[in-house]
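Trainee: Protein chains in written order, with the numbering used here: chain A, 161 to 444; chain B, 1470 to 1576.
If you're looking for bench data, these hints aren't it; they were derived computationally from the structure. Backbone N, C-alpha and C define an ideal beta-carbon position, used for all residues, glycine too. A couple of the hints might just be wrong.
Just the calculated beta-carbon pair ranges, DEER-fashion [what the hints assert, rightly or not]:
(1) B/1514 to A/368: 51 to 57 Å
(2) A/292 to B/1490: 52 to 58 Å
(3) A/362 to B/1493: 17 to 23 Å
(4) B/1514 to A/437: 25 to 31 Å
(5) B/1516 to A/163: 32 to 38 Å
(6) B/1502 to A/297: 38 to 44 Å
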Amino acid sequence: MSFDALRGALPGRNAWILVLDTRGINVWCAAGKGTFGTEEVIRQVEGSGLARIVAHRRLILPQLGAPGVAAHVVKQRTGFAVHYGPIRAADLPAYMDAGGRATAAMRRKDFPLAERAALVPIELIAALKPALGIAIPLFLIGGIGGPAGYWSNALRDGGFAVLALLCAVIGGALLHPLLLPWLPGRAFAVTGLCLGTAVAVALLVLRGGIGAGWPGRLEALAWLLAIPAVTAYLAMNFTGCSTYTSPSGVVREMRWAMPAQIGLAAGGLGCWIAVRVMAWGGWG
Amino acid sequence: MNRFVYLRDVVTLDLDRDRCIGCGMCLEVCPHEVLRMNGGRVEIRERDACMECGACSRNCPVSALSVRAGVGCAAAVINMILGRTDRPCCGPDDGCGDGSKRGGSCC
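My request is simple: use the sequences and hints to build the entire structure.
Mentor: In structure tokens form, the structure reads like this:
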């Protein structure tokens, strides 16, 4: 895949391409894991007999492979000097024309809207699978209590619970990646919590506000707790896809965010079940 | 200057300026312009922009830079907490994804 991107970016150029097999994993991930690494570069340089094929002793490696490759070790062991090219293959012609010099912009990894949008389908599918497993019990619990028969209750209250879950997933997996730079907060759990709260409020407003009496208030509270919890959890998981979060930072935010998310979700679920039990017992 | 900044004062990046020989390799590999050259030696320009990828320390020929590099995703941390060391990140085997679960620059 990277190989095809590289070929596509270099029309009409005469160059040798040394291929490292990362088993379909992109350069950045493979570099992090070492499959795109010093040893693999050396192995391929030696295995391909590159020293006999080309007269020069220069290798251009993608910059994002640098976490896995020690340039000075490659030079020491193979005689080939490693030069890190630009991040994007598309910048390679300009880099080569400039005599192997990359501009600051070529070296900077940003996170534009198009890249964040490309991740949305993957995020949605990954989130919807477990969400389906939660939606079914929610729907069935929704049938308990309420004014009508079990199935019409399930359809009305259980259906709304499933809708709320869906909104939380859309918030975390779709809106959060797209709106990321404009959301308040630095930690993804915080940006997710803010967004989730907005989603919960919007959902309640669109439904026509809060129901009557204490059961109504408790039910609204349930969604104001549970939706932000789910959205924040999904947002936190987006750290793995972002291009600027550090592992130390992720550990730091998770230390407080995980207990908070579990607490909020449990509180929300507790409130909602309490409303159902109250209705079932005839207090509603 | 950078629209995307993560948490403050958390990264493990460390620079020993006395060791630096000013080769500039770290400037070449850093994807977030964390470092800059000053008087023939490198200095840290914006520590909080560092994402701990480890490219600079791995490519420093005199080991002047150190950073605890690792996988920066919550899924990996959860797997670690749950003791699923066989699944260090989001992927099925050793990789950080087969492309079906996660894409982009995960891990």
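Trainee: Among all the numbered hints in the text so far, which are the ones the structure does not match?
Mentor: As far as the earlier hints go, 3, 4 and 6 are violated by this structure, in ascending order.
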